[in-house]
Structures are given as structure tokens and as C-alpha cells.
Amino acid sequence: MRSKVVLGRLLRNRQARYGGIALILLIALAYIGPYLGAYDWTDKDFLAFLSPPDADHWWGTTSIGQDMYAVTLRGMQKSIVIGLLVALFATGLAALVGAFAGYFGGWVDKVLMWGVDLLLVLPSFLIIAIISPRLRGASWLWFVVLLAAFAWMITSRVVRSMTLSLREREYVQAALYMGIPRWKIILRHIVPNLSSLLIIDATLNVSGAVIGEAALSFFGFGIQPPDVSLGTLIAEGARNATGYPWLFAFPAGLLVLLVLAINLIGDGLRDALDPGSNT
Amino acid sequence: MSILEVRDLTVTFPGGIQAVRGVSYDVAQGEVLGIVGESGSGKSVTSLAIMGLLPQNAVVSGSVKLHGQELLGMEEGELTRVRGKAISMIFQDPLSAFTPVYTIGDQIAEAVRVHQKVGKDKAAKRAVELLDLVGIPHPDVRAKAFPHEFSGGMRQRAMIAMAIANDPDLLICDEPTTALDVTIQAQVLEVLKTAQAETGAGIVMITHDLGVIAGMADRVLVMYAGRPVEQGVVDDIYYRPRMPYTMGLLASIPRVDGEQDTLVPIEGNPPSPAALPPGCPFAPRCPMHIDACDDEEPPLTQIGGGRHVACIRSREIEHKGMTGADVFPVPVIPPSDVARVPREERETVLELDSLVRHYPLMKGAVFKRRVGTVHAVDGITFDIAEGETLALVGESGCGKTTTLQQIMQLTPPQSGRVVVLGKDSSQLDKAARKALRGDLQIVFQDPMAALDPRMPVGDIIAEPLRAHGRKNVSQRVAELLTLVGLAPEHAERYPQQFSGGQRQRIGIARALALEPKLIVLDEPVSALDVSIQAGVINLLEELKNQLGLSYLFVAHDLAVVRHLADRVAVMYLGRIAEIGAVENVYDRPAHPYTQALLSAIPLPDPEMERSRKRILLEGDLPSPADPPSGCRFRTRCPKFARLSEADKQRCVNEEPSVARLARAKDHGAACHYAEEIEVITASENQEEQ
Numbered sequence: 001m002r003s004k005v006v007l008g009r010l011l012r013n014r015q016a017r018y019g020g021i022a023l024i025l026l027i028a029l030a031y032i033g034p035y036l037g038a039y040d041w042t043d044k045d046f047l048a049f050l051s052p053p054d055a056d057h058w059w060g061t062t063s064i065g066q067d068m069y070a071v072t073l074r075g076m077q078k079s080i081v082i083g084l085l086v087a088l089f090a091t092g093l094a095a096l097v098g099a100f101a102g103y104f105g106g107w108v109d110k111v112l113m114w115g116v117d118l119l120l121v122l123p124s125f126l127i128i129a130i131i132s133p134r135l136r137g138a139s140w141l142w143f144v145v146l147l148a149a150f151a152w153m154i155t156s157r158v159v160r161s162m163t164l165s166l167r168e169r170e171y172v173q174a175a176l177y178m179g180i181p182r183w184k185i186i187l188r189h190i191v192p193n194l195s196s197l198l199i200i201d202a203t204l205n206v207s208g209a210v211i212g213e214a215a216l217s218f219f220g221f222g223i224q225p226p227d228v229s230l231g232t233l234i235a236e237g238a239r240n241a242t243g244y245p246w247l248f249a250f251p252a253g254l255l256v257l258l259v260l261a262i263n264l265i266g267d268g269l270r271d272a273l274d275p276g277s278n279t
Numbered sequence: 001m002s003i004l005e006v007r008d009l010t011v012t013f014p015g016g017i018q019a020v021r022g023v024s025y026d027v028a029q030g031e032v033l034g035i036v037g038e039s040g041s042g043k044s045v046t047s048l049a050i051m052g053l054l055p056q057n058a059v060v061s062g063s064v065k066l067h068g069q070e071l072l073g074m075e076e077g078e079l080t081r082v083r084g085k086a087i088s089m090i091f092q093d094p095l096s097a098f099t100p101v102y103t104i105g106d107q108i109a110e111a112v113r114v115h116q117k118v119g120k121d122k123a124a125k126r127a128v129e130l131l132d133l134v135g136i137p138h139p140d141v142r143a144k145a146f147p148h149e150f151s152g153g154m155r156q157r158a159m160i161a162m163a164i165a166n167d168p169d170l171l172i173c174d175e176p177t178t179a180l181d182v183t184i185q186a187q188v189l190e191v192l193k194t195a196q197a198e199t200g201a202g203i204v205m206i207t208h209d210l211g212v213i214a215g216m217a218d219r220v221l222v223m224y225a226g227r228p229v230e231q232g233v234v235d236d237i238y239y240r241p242r243m244p245y246t247m248g249l250l251a252s253i254p255r256v257d258g259e260q261d262t263l264v265p266i267e268g269n270p271p272s273p274a275a276l277p278p279g280c281p282f283a284p285r286c287p288m289h290i291d292a293c294d295d296e297e298p299p300l301t302q303i304g305g306g307r308h309v310a311c312i313r314s315r316e317i318e319h320k321g322m323t324g325a326d327v328f329p330v331p332v333i334p335p336s337d338v339a340r341v342p343r344e345e346r347e348t349v350l351e352l353d354s355l356v357r358h359y360p361l362m363k364g365a366v367f368k369r370r371v372g373t374v375h376a377v378d379g380i381t382f383d384i385a386e387g388e389t390l391a392l393v394g395e396s397g398c399g400k401t402t403t404l405q406q407i408m409q410l411t412p413p414q415s416g417r418v419v420v421l422g423k424d425s426s427q428l429d430k431a432a433r434k435a436l437r438g439d440l441q442i443v444f445q446d447p448m449a450a451l452d453p454r455m456p457v458g459d460i461i462a463e464p465l466r467a468h469g470r471k472n473v474s475q476r477v478a479e480l481l482t483l484v485g486l487a488p489e490h491a492e493r494y495p496q497q498f499s500g501g502q503r504q505r506i507g508i509a510r511a512l513a514l515e516p517k518l519i520v521l522d523e524p525v526s527a528l529d530v531s532i533q534a535g536v537i538n539l540l541e542e543l544k545n546q547l548g549l550s551y552l553f554v555a556h557d558l559a560v561v562r563h564l565a566d567r568v569a570v571m572y573l574g575r576i577a578e579i580g581a582v583e584n585v586y587d588r589p590a591h592p593y594t595q596a597l598l599s600a601i602p603l604p605d606p607e608m609e610r611s612r613k614r615i616l617l618e619g620d621l622p623s624p625a626d627p628p629s630g631c632r633f634r635t636r637c638p639k640f641a642r643l644s645e646a647d648k649q650r651c652v653n654e655e656p657s658v659a660r661l662a663r664a665k666d667h668g669a670a671c672h673y674a675e676e677i678e679v680i681t682a683s684e685n686q687e688e689q
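Chains as they are written, first to last, in full-length UniProt numbering: chain G, 1 to 279; chain U, 1 to 689.
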């Protein structure tokens with residue numbers, strides 16, 4: 001019943017519809033777009049270094065003659081997947097850990113929060129520096145896991161404190177008296193009532209992950225040259241943003257569009273889940 | 001000579017929401033004007049508008065004159081001099097009306113110094129005098145206490161002391177006793193009467209409790225949808241109402257004297273102030289509705305004897321001498337089959353045997369040590385037979401909720417036994433406990449808090465069904481919604497799209513989903529307006545008879561209990577003071593506490609209110625962390641005070657247990673000197689029986 005009602009409300013929400021269409025278009029651009037361009041992302045045009053956008057190279061070229069259009073779209077394929085997965089993992093983990101700690105209290109709470117505090121005080125780049133040599137050549141999914149592993153702690157503390165107040169609500173007690181197992185109560189009553197916070201957190205995490213991934217590749221981890229991602233492109237392009245704006249503007253613009261689309265969907269989802277809003 | 005003249009006062013909030021639409025009244029010196037109405041009728045907004053306390057964005061028009069001086073549009077500085085000096089206000093929630101960081105004495109002294117040129121020491125002395133006047137024991141010591149150290153009743157007294165500090169001409173009391181227990185309410189109302197006698201002020205008393213108004217007011221103004229619909233002398237309004245709304249309101253209140261058999265609910269809900277019907281705002285709910293009612297809103301017209309009524313059919317009502325019972329259809333509730341079987345032969349669905357629940361009182365941040373014990377429930381025993389309603393009544397802090405939690409948790413109690421449907425809770429394994437939950441369900445007090453706001457109603461009701469693996473869930477949900485008087489289409493809506501009464505019906509539907517045998521009702525109607533409350537009470541009664549349910553009904557409202565319960569157990573400080581059949585306990589209470597409790601309840605009957613003698617209790621409920629030795633009630637007991645020294649010793653040393661009274665079959669009291677007396681005059685139809 002709830003999923004049907006929420007989906008109906010989501011589809012009726014104009015913001016969410018626009019966001020959804022924009023996201024589909026962006027994904028289409030990332031995966032179908034490369035076939036439309038004249039160049040492959042590995043091609044190098046030795047006749048055009050750092051040339052501004054023109055009819056041949058739609059979005060210009062890089063300093064080694066790569067076609068920006070092809071390279072950016074190649075980068076975006078990775079970034080969309082990484083961004084969405086990291087946001088999903090990080091927020092999901094934050095919600096689960098926070099809600100379980102808050103709801104069960106006692107030693108469960110102590111152990112989980114001790115873990116959270118530990119992760120908060122450990123410098124994340126140090127750990128990544130230690131782990132990364134071992135994972136060289138491993139699947140990019142590890143990369144998502146690592147990114148997510150350092151992005152959820154603060155949210156989970158917030159979730160925990162909100163759960164502490166939700167736990168005392170009568171509808172949570174009512175569910176308990178109905179004979180519903182505790183883990184189900186958490187998933188069915190507590191997490192949905194935190195959805196406003198979680199959705200905002202998830203949308204923020206998407207852009208955070210895309211940018212954060214660039215920082216990690218600096219440590220020689222994640223996306224390695226010659227392969228590219230939006231994050232590495234933005235990091236590189238930012239250095240020459242004034243002189244050769246196309247190097248920066250296209251990847252950055254696509255990231256903004258991506259985050260905007262996800263924000264719109266997130267807002268729509270929040271409204272759809274929140275019975276107080278009139279849509 | 002009237003002190004306050006209100007003429008055609010209207011208040012509009014942004015978005016065109018007309019909260020108050022043309023209120024006019026006068027208050028004379030020493031007069032008490034009662035304003036009654038359900039929530040959202042604009043009664044509080046009216047008084048805030050008079051005080052000039054509404055937010056900036058509210059548009060107020062009309063005229064409010066105090067001693068002939070116009071208050072609306074007065075400059076803030078000037079208004080401040082009037083506020084608190086000439087007009088004072090007493091709020092509903094006495095905790096939030098005091099600043100927690102200053103002592104009570106300082107705050108009262110401050111109120112004095114703001115308006116009078118007196119020295120600090122003199123103001124402090126005046127504060128102590130005022131506290132003494134409102135009956136606070138050891139006022140000189142208590143003046144130095146902080147608000148949180150005062151109990152609810154004491155805070156409200158202090159609030160009254162503050163309000164009368166400057167000898168105001170007008171006191172506005174906005175639901176002054178709604179947050180208080182009945183025995184405390186009786187004390188506070190007494191104090192208000194003293195305060196009025198002392199200052200000679202006029203009082204505007206705003207409340208939804210028709211009993212309080214009956215005892216206090218000289219004149220009554222009934223409000224509905226932001227407008228006065230009837231105005232007149234208190235006796236006229238109560239005995240000869242001329243507006244169908246007033247009639248319905250009076251017919252829907254449960255009475256503690258057992259006057260009526262079935263409560264008469266007013267169908268439907270009050271209109272939203274943003275979407276008022278074109279004609280009379282009450283027309284959609286009115287059984288006397290005719291086409292002419294929809295044409296235009298009837299004005300408040302005088303019908304003689306200083307009475308004003310806003311109803312086009314008032315003359316007809318007057319002429320035919322109609323009463324609430326004539327106008328509103330009395331619902332028929334089918335009788336129960338189970339009730340015909342004698343109680344002894346029925347199955348016992350719930351049995352509590354000297355149940356105990358103590359909470360440790362801990363101190364210290366790092367190393368917690370036990371500094372005491374809260375005796376929340378201290379050995380209570382009762383049982384409920386099939387098809388029976390047992391009401392557990394008592395004031396806040398007496399252990400009702402703890403008892404209920406102990407039953408609902410189905411875990412082994414600290415001491416004693418909880419037996420549900422023949423199964424001892426201490427011998428249940430996980431599967432048996434879950435299975436038993438299907439037979440034991442609960443309806444909570446606050447219908448908003450008890451329903452997950454993020455779940456559609458259909459899911460809420462389906463939840464217990466799915467948890468217990470039932471089939472045909474959606475069909476059953478539709479069935480349940482129809483059973484409680486809602487439509488199956490409502491399943492897709494969220495709880496907040498429903499009104500309070502409807503939400504409570506959803507809560508009841510959820511409790512009924514698993515076809516339980518016993519339902520625990522935790523104050524199921526106390527959060528609802530009277531006209532809505534009657535409908536829910538009738539529904540509960542009907543469901544009980546139809547489905548053969550048993551109820552454990554927890555309440556503080558003794559009038560509702562009289563209506564719904566077969567047996568009643570009165571609790572005081574974690575123990576049962578008196579238990580027995582409703583007729584026995586209400587008509588011949590034997591425990592001094594029950595007597596005081598019953599005599600404290602205001603009756604919606606001005607004549608009876610005037611002639612009644614109240615048994616007023618002294619002080620507040622003692623802390624359950626440190627209950628008195630022997631009989632727990634002795635510190636407040638009016639009977640104890642009258643006993644000889646030798647007799648008193650027994651109360652101090654020996655804790656009384658519930659003993660069956662000789663005369664009655666089902667009646668027991670925990671008092672060494674129990675003596676049955678009549679506190680409430682039995683109504684006529686009761687005597688006939």
C-alpha cells in the first residue's frame with residue numbers, strides 16, 4: 001500500500017518528474033553519446049592541442065589532443081555509477097547503524113557508537129594509503145565501498161539521536177505490542193520517519209562522492225590515468241579554468257546537472273514520503 | 001456597569017482564515033462569563049485578541065473597550081500598562097507560563113513591581129501574601145522555590161496569584177484547569193472563586209468543560225466556527241437551550257450521575273475556518289437542517305430575557321419546548337449476549353495477582369548508585385471476566401500507565417502474576433507470546449501519536465495482520481474500516497488527513513484487526529472534543545456487544561467511566577483503593593478517596609453544582625518514591641483528620657487491603673474505617689430503577 005501511494009505521489013510531483021527526466025537524459029548522454037561523436041576517448045588528435053570547441057571537436061580538446069566530448073562522457077559513465085552507489089551505501093549504512101544503536105540502546109549502542117567514533121578520529125587518507133596497494137587491480141566496487149566507508153559516520157550519529165526520540169513514540173510501542181519483530185519496526189517505522197534527513201544526506205553524498213573520488217585518485221587509488229572520471233577531469237581542468245575554460249566547464253557543468261537532477265528527485269521523494277506536503 | 005465591552009470582534013489570519021467572525025459580549029464587575037466551544041471554535045483567539053497578544057500578521061477589527069477605553073489599535077507601550085494591571089490572563093499550561101530560571105516568588109514580585117512603585121522587599125512580601133491567599137502551604141518558604149519544584153496544581157495557584165497581583169478588573173482564564181486532575185481542579189476552582197471575591201474582578205472563563213462552566217459562570221457564550229451561536233444566563237443555556245448545537249453539546253457529555261443511557265453524538269466535524277459552508281456553519285451537522293439554513297448565516301438575535309440565539313428555527317424550538325433528545329437521534333446499541341450469563345460462570349480473560357513494579361531511583365553520572373525506589377505499582381489484584389469492561393481510574397501518577405505496560409509487555413513481572421486468557425506471562429516462550437499478542441490489543445490515548453504519520457491508513461491497519469501472517473489482508477482492512485464507521489477508500493490516505501475522532505477510529509480498527517478477546521483502552525477519548533467523544537464511546541460500546549470483547553479501560557474521567565464500564569477499580573499511589581461494580585462504587589463509595597474524587601467532578605448542571613457540597617482534598621499526591629506508611633491516603637484523608645488519636649494509629653501502622661463490604665456483592669474498599677455514603681445525588685431515572 002505504502003509503496004503504491006508513494007510512487008503515485010512521486011509521479012504526480014512536478015519537480016520529481018523533471019529531475020527524473022533530466023537524470024535519464026544524462027545517463028543516455030553518458031552511454032549513447034559516445035557513439036554520436038567522431039572521436040573515441042582514447043584517440044588523440046595531434047593536430048589540435050588545447051583547441052577551443054568547434055565543429056570538429058564539439059567540446060574542444062585537452063593538452064594531449066584528446067576530444068573533450070568523448071573524454072567527459074567516458075568520465076561521466078563512471079561517476080554516475082560511483083556517485084549513486086556511494087550515496088546509497090553511505091546513507092543506508094548511516095541509517096541502519098544509527099537506527100539500530102538508537103533503538104536497541106545498551107551495549108549494542110555502545111559498541112556501534114564506539115566504532116563510529118573510531119572511524120571519525122582515524123584519518124581516512126591514512127587508511128586508504130595503507131589499504132590501496134593491496135587492492136590495486138581489484139574491482140572498482142572496492143573503491144565504492146571505501147568511499148562510502150568514510151562518509152556515513154556523522155549522519156549515523158544524527159540518526160541515532162533522532163531514533164532515541166522516535167523510539168518513545170506510541171506508534172512504535174503499538175507495533176511492539178502487535179508482535180512485530182524489532183528489526184522490522186526499525187525498517188518500517190523508524191527509518192521512514194527519518195527519510196527527510198536521509199534523502200538530503202544522500203543527495204549531498206552524490207556530489208561528495210564524485211569530488212571525493214578525484215581526491216582519492218591523487219593517492220593513486222581509484223580511477224587511474226589514462227582512464228578518467230568527472231572528478232579527475234574537474235580536478236585537472238580547474239588548474240587551467242581561466243585560460244582554457246572548456247577543460248573545466250563541461251565536466252563541472254555536467255556534475256552540476258547530475259547533482260541538480262538528483263536533488264530534484266530527492267526533494268520529490270521527500271515530499272512523496274511526507275504526508276504533510278500537498279502534492 | 002460593564003468592565004469590558006467587546007463589539008463585533010473579528011480576527012483574520014493570513015490566507016483568509018477567519019478564526020473569529022464577529023464576537024460581541026460584555027462582562028460586568030464581579031461577573032463570570034463562560035465561553036464554551038470545541039477546539040478550533042475561536043475561543044482562545046478571541047481572548048488573545050483582547051489582550052493584544054496575537055502575532056503581527058493577524059488582522060483584528062471591531063472594538064474592545066475596557067472601562068470605555070478602546071484597546072484595539074492602542075500603542076504597545078500603553079497596552080503594556082493595561083496588560084497585567086487591568087486585565088490578567090491565566091493560561092492552560094502552568095509550566096510553560098513561568099520562566100524556569102527564576103523563583104516563583106521573584107516572578108510574582110516582578111509582576112507587582114512592573115505596575116506598582118514599591119520597593120523590592122515590599123514586593124517580595126506581597127508575593128508571599130499572594131501565595132498564602134491562593135492556599136500554598138508555607139508561602140514564605142515556597143516563594144523561594146523554582147517552578148519545576150511546584151506540582152501542576154501549585155503552579156496553577158501561583159499563576160493565579162500572579163494574575164491577581166495588581167488587583168485586576170478583569171481576569172481571562174483560558175482552560176485554567178484542563179491540564180489538572182479532578183481533585184486538583186476542584187481546589188484550583190475554589191481558589192479562583194476566592195481570588196474573585198478578593199478582587200471583585202470580572203472573569204472570562206474559557207473552557208470546553210461544560211461541568212466547570214456550570215459551577216462557575218453566571219452567563220454563558222457558546223461559540224461555533226468562530227461565532228457566538230447562543231448567549232444567555234447559565235440556567236437558560238443548560239436547561240432551555242435554543243440552538244441545536246448547544247443542545248447536542250449538552251446531550252453528548254457523559255454524566256457522572258448516570259443521567260442518560262446512551263450518549264448522543266453530533267455527526268460530522270466542525271468546519272475548517274478556511275472553508276466555511278455558505279449558510280449556517282452548523283447546518284451540515286444539524287439534524288434540524290432545512291433548505292433555508294444554507295441561504296445565509298443566521299445572525300445572533302435577541303429572543304427575550306437577555307438571550308441571544310443564532311438559529312432560524314429557535315422560535316420553533318422554544319414553542320415546542322424541544323430538548324436535545326428530541327432533536328438528535330438517539331443511537332441504538334444492541335445489547336450484549338454475554339452479559340446475561342452471571343459473572344462467575346464466565347471465562348476470566350485477565351487476572352492480575354498482587355502485581356508489583358518498582359523502579360530504581362539512580363543518582364550519579366559515571367557510577368550510578370541506587371538512592372531509592374519508585375513504588376509505581378505496589379501489589380494490585382483484579383480480574384476481568386469475558387464481555388466485561390473494567391475501568392482503572394485514578395489521578396496522574398497513581399500507576400495506571402505502569403500497570404497497563406506490565407500487562408502489554410507480557411514479560412514476567414517483578415513480583416506477582418499477570419495471567420492473560422489463562423496463560424501466565426512468566427511462562428511464555430517467544431512464539432506463545434506472539435500468539436497471545438493477537439488476543440490482547442491496545443488503543444492509545446493520543447490518536448495522532450499512535451499512528452505512524454508516514455504510513456497510509458491501509459498499511460497501518462494491515463500491519464498486525466501481516467505480522468501474524470493472515471491472508472486476504474486488503475479485504476479485511478476494508479471490512480475493519482467499515483466496522484468502525486469509515487469508508488474503505490480511506491485506506492490510501494495518511495492519518496493526518498483525518499480528524500481526531502476519525503483517527504481514534506483508525507486506532508480502534510487496528511486493535512480489532514486480529515480479532516482480539518481483550519482490548520486495553522488507554523484514555524481513548526480524553527484527547528477528543530465532547531461531541532466527537534460521544535461517537536467514539538458509542539462505537540466502543542457497540543463493538544464490545546457485537547464482538548464479545550472485554551475491555552480494560554484506563555481513564556481519569558470518571559464520567560466516561562461510568563458510561564462505559566461494568567466494574568471500576570480506583571487506584572491511589574500504586575494501590576487499589578476501591579473496586580466494585582460501577583453502581584456500587586459511584587452510588588455508595590466507601591473509600592474516602594473515591595468519595596473525594598467523585599465529589600470533585602463538576603456536573604453539567606448549574607442547579608446541582610450550586611447545591612453540592614464538595615469534599616476538598618488537601619495538598620497533592622505524595623511522591624511514589626516515598627509513600628506514607630500504613631494507609632497511603634492518610635496524608636490527605638478527610639476522614640483520618642476526624643479520627644481519634646487511637647484510631648489514627650491503625651491508619652499509620654497498618655496498610656489496609658481491599659476488603660469486601662458486607663452489604664454488596666461486588667464492592668470492596670481498602671480502608672480501615674470504610675463507610676458508604678452518597679456523594680452524587682442519584683438522578684431520577686436511576687431511582688426509578
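Hints were generated in silico from the structure; no laboratory data involved. What you are looking at is a predicted structure, and each value in this text was computed from that prediction instead of being measured. Among the hints, erroneous ones may be present.
Claimed, not checked - Interface residues of chain U toward chain G, partial, derived using beta-carbon atoms under 7 Å:
(1) F146
(2) R437
(3) A449
(4) P628
Stated by the list, open to error - One-sided and incomplete, this derived list gives chain U residues near chain G with beta-carbon spacing under 10 Å:
(5) L300
(6) I303
(7) G438
(8) Q441
(9) F444
(10) A450
(11) Y494
Even glycine gets a Cβ: it sits at the ideal position worked out from N, Cα and C.
R437(U) as chain G interface residue, shortest Cβ-Cβ below 7 Å: holds (4 Å)
Hint check: 7 Å Cβ-Cβ cutoff, F146(U) to chain G: violated (26 Å)
Hint check: 10 Å Cβ-Cβ cutoff, A450(U) to chain G: With a closest approach of 4 Å, the A450(U) hint holds.
Restraint outcome when F444(U) is required to lie within 10 Å of chain G by C-beta distance: Since the shortest Cβ distance to chain G is 5 Å, the answer is holds.
Agreement of hint Y494(U) with chain G interface, Cβ distance less than 10 Å: holds (3 Å)
Interface hint status, I303(U) versus chain G (Cβ within 10 Å): Nearest chain G Cβ about 43 Å off; hint violated.
Status of the P628(U) interface restraint (C-beta, 7 Å, chain G): Interface hint status for P628(U): violated (31 Å vs cutoff 7 Å).
Agreement of hint L300(U) with chain G interface, Cβ distance less than 10 Å: violated (35 Å)
Cut-off 7 Å, beta-carbon criterion: hint that A449(U) touches chain G: holds (4 Å)
Status of the hint placing Q441(U) at chain G (closest C-beta pair under 10 Å): holds (7 Å)
Hint check: 10 Å Cβ-Cβ cutoff, G438(U) to chain G: holds (7 Å)
Of the numbered hints stated above, those contradicted by the structure are hints 1, 4, 5, 6, listed in ascending order.
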